[in-house]
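> Residue-level listing of the chains:
There are 2 protein chains.
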Amino acid sequence: MSETQIVEVPLGERSYDIIIGAQALAGAGGEISRRMPGIRCAVVTDETVASFHLETLIHSLDAAGIEAHPLVLKPGEKTKDFDNLMTVVDHVLSCRLERGDAVLALGGGVIGDLAGFAAGIVRRGMRFIQVPTSLLAQVDSSVGGKTGINSRHGKNLVGVFHQPDLVLADTAVLDTLSDREFRAGYAEVAKYGLIDKPEFFAWLERNWRQMFSGGPERVQAIAVSCRAKASVVAADEREGGVRALLNLGHTFGHALEAATEFDSRRLVHGEGVAIGMVLAHRFSAWLNLASYDDADRVERHLKDVGLPTRLSDIEGGLPATDILLEHIAQDKKVKRGKLTFILTRGIGQSFIADDVPGEEVHRFLEETRSS
Amino acid sequence: MSETQIVEVPLGERSYDIIIGAQALAGAGGEISRRMPGIRCAVVTDETVASFHLETLIHSLDAAGIEAHPLVLKPGEKTKDFDNLMTVVDHVLSCRLERGDAVLALGGGVIGDLAGFAAGIVRRGMRFIQVPTSLLAQVDSSVGGKTGINSRHGKNLVGVFHQPDLVLADTAVLDTLSDREFRAGYAEVAKYGLIDKPEFFAWLERNWRQMFSGGPERVQAIAVSCRAKASVVAADEREGGVRALLNLGHTFGHALEAATEFDSRRLVHGEGVAIGMVLAHRFSAWLNLASYDDADRVERHLKDVGLPTRLSDIEGGLPATDILLEHIAQDKKVKRGKLTFILTRGIGQSFIADDVPGEEVHRFLEETRSS
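Chains Y and Z are the protein sequences, given in the same order.
Residue numbers for the first sequence follow full-length UniProt numbering, so the first one is 1 and each next one is one higher.
Residue numbers for the second sequence follow full-length UniProt numbering, so the first one is 1 and each next one is one higher.
Simulated from the structure, these hints should not be mistaken for laboratory data.
Any given hint might turn out to be false.
You can't tell identical chains apart in this list, so a pair holds if it fits in one copy or across any two.
To be verified - The list that follows gives simulated cross-link-like pairs (lysine to aspartate or glutamate, EDC-like), each with its CA atoms no further than 16 Å apart:
1) K78 to E315
2) K303 to E360
3) K197 to D62
4) K155 to D90
5) K155 to E98
6) K155 to D354
7) K155 to E366
8) K155 to E261
9) K197 to D304
10) K78 to E47
11) K197 to E98
Remember, it's a predicted structure, so these values are computed and weren't measured experimentally.
When you get a sec, could you build the whole thing from the sequences and use the hints?
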């Protein structure tokens, strides 16, 4: 009934497909056994996702004759640590899986990043299958091969690049997300329009309601997003150049996440990105690179959707601008002391600015906060 | 005075040089700052190596203006575990090193594997410099990019491929090794002759004494070994094919190490490889693939050098052949149940045999043990 789209991520011998549709979870076993006959899987998930979807997945794998070994972890960002990495690695080795077998991640970004990291280091690299269950994971972490865990020094500071062999993005499972979680993922969808696809951003302005309610527009928006990220990643797999464009809104966003101590009650990643994207457009206008009209248009759309767009939307207040700037400078995308920002000349016209002076950012933030 | 040789490991954009000579340690700072201006280093080493060489290295780095942050770990195989990996990772992040900075490994295989793994995962891959201080590390782990740690399920089961940016092999530091440790490394040198360089094996038969005493023959033998491994690795970086040839003697050798519970008082890696190489030649002769004369010649040379060559040379006895076979089958080089062995048609004529029946190995070992 429902349309299915396949997006190929073109990375030479590491190329893989993303299958996007409302039946991807139930069809997982058939799809995997057809593509990787004889494979066995360690299935890594968390308690929340397991309660909704683990049975469906295991049933599908069973029916296809695929040996599956589930491991259910605690939900939440804290799971992305060294202890849980060890737990996953030990589980995979205990099941005596070989290099040709797979670690399958059933969950959002946390589970995907953790399980992908384990897949990247057990036997120096096993197969990796992703079944992302959040919108954010479907349009962001399912493309690009970044895996990792957090350290006391910061988020995602430890990890590897390890491409999946297959991604199954079930668009129907997104109905189990809270509105807030769905919206947060949507910020990344809008980001692809803002980076270099003005016509996609305009399409989203017209179609976001249908996308939220789950029609074919949802499949379409996710497919466009994955294709957009895939083309950037294909051009720069190891993040030496253009891949930085994907950080549009993220330098400000990460700083806000850090400033709110990664407390998801106050701010989740996608919300930080939403505010960050509006700030990036306003900062670009402030630097006379873009028009304030475009910044207003970005803000209006994200606000319509229900996302926060201003610093003042964050409950509980923010630390002083000096502290915010310190968080910006600590972001790992800093190159030898210079501040790197993704700026824009207008909607869909973003670019990498390598040497933004810290004082300018400081002045801009001060003015924004007092206005 | 002493000759220096440079071996290039040709891996496209991951190519790097191995500098081999008696002044490599003292010249480290100059060499590194010339090639990677502005770099900072975390120096990972162990207590034993630190007592001999850390001061020389730090002095050299200091003199070249390179910021260096030493971390001294306990010596021994047990250091290759998750806890020490975390310690190294945390040290590197605490020093606020960036992607363009380096982890420098000063030590043998354990330190190289551990520090290389940390370099491969901090910020998803930092620069890595190796200063191998054992003969084994100079001719084996300095080429190929294999890094990793042990797990309770086996050795080297967790790790990544991460190529170094530079290797400084100081041939004079090898004078601080015990005779036994030097000999153990020598087994891997002889291996390169046995794989596909009969003329190098003959050269070693004539020149091994000079190589042991440290003349230009030492630089030459190490350079030939590195070049030999480099050409195999260049043809098969991720170990899908010909790279398996480097396991000549290792399938038997690993099984013997496991059977002696990795107790280095009874058997060290290179000694297991020496016995394993003789067994591989005898097994090939037993299968009518090669002559017993060649097996005798291999044994004679390794024995001259002072290496063990027979199962009966291992003190304390070995478990039953069934158990040995189980260790062989558990080796991670097993492909979906079949036994993979490196066999030979004679000296310098080794090849990969993909489906050696377990019963043949069992019969051969039984006969060998009772003869």
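> Now tell me, hint by hint, if it's right for this structure.
Each hint tested on the structure:
Taking CA atoms no more than 16 Å apart as the test, K78 paired with E315 passes in neither setting, with 22 Å inside one copy and 49 Å between copies. When the C-alpha separation of K303 and E360 is checked against a cutoff of 16 Å, the pair qualifies neither within a copy, at 27 Å, nor between copies, at 72 Å. Neither within a single protomer nor between protomers do K197 and D62 lie at most 16 Å apart by alpha-carbon distance, with minima of 42 Å and 50 Å respectively. For a Cα distance limit of 16 Å, the shortest separation of K155 from D90 across copies, 13 Å, qualifies, whereas the shortest one inside one copy, 23 Å, does not.
With identical chains, the CA atoms of K155 and E98 are at most 16 Å apart between copies only, with a shortest distance of 14 Å across copies and 30 Å within one. In this assembly of identical chains, K155 and D354 lie within 16 Å of each other by CA distance neither inside one copy nor across copies; the values are 22 Å within and 44 Å between. Within a single copy, K155 and E366 get their C-alpha atoms no closer than 26 Å, and across copies no closer than 55 Å, so neither meets the 16 Å cut-off. Only within a single protomer do K155 and E261 lie at most 16 Å apart by alpha-carbon distance; the minimum there is 11 Å, versus 39 Å between protomers.
Within a single copy, K197 and D304 get their C-alpha atoms no closer than 20 Å, and across copies no closer than 72 Å, so neither meets the 16 Å cut-off. For the homomeric pair K78 and E47, the shortest alpha-carbon distance inside one copy (14 Å) is at most 16 Å, but the shortest distance between copies (34 Å) is not. Proximity of K197 and E98 under a CA criterion of 16 Å is satisfied in neither setting, with 42 Å inside one chain copy and 32 Å between copies.
In the structure shown, a violation is registered for the earlier hints numbered 1, 2, 3, 6, 7, 9, 11, in ascending order.
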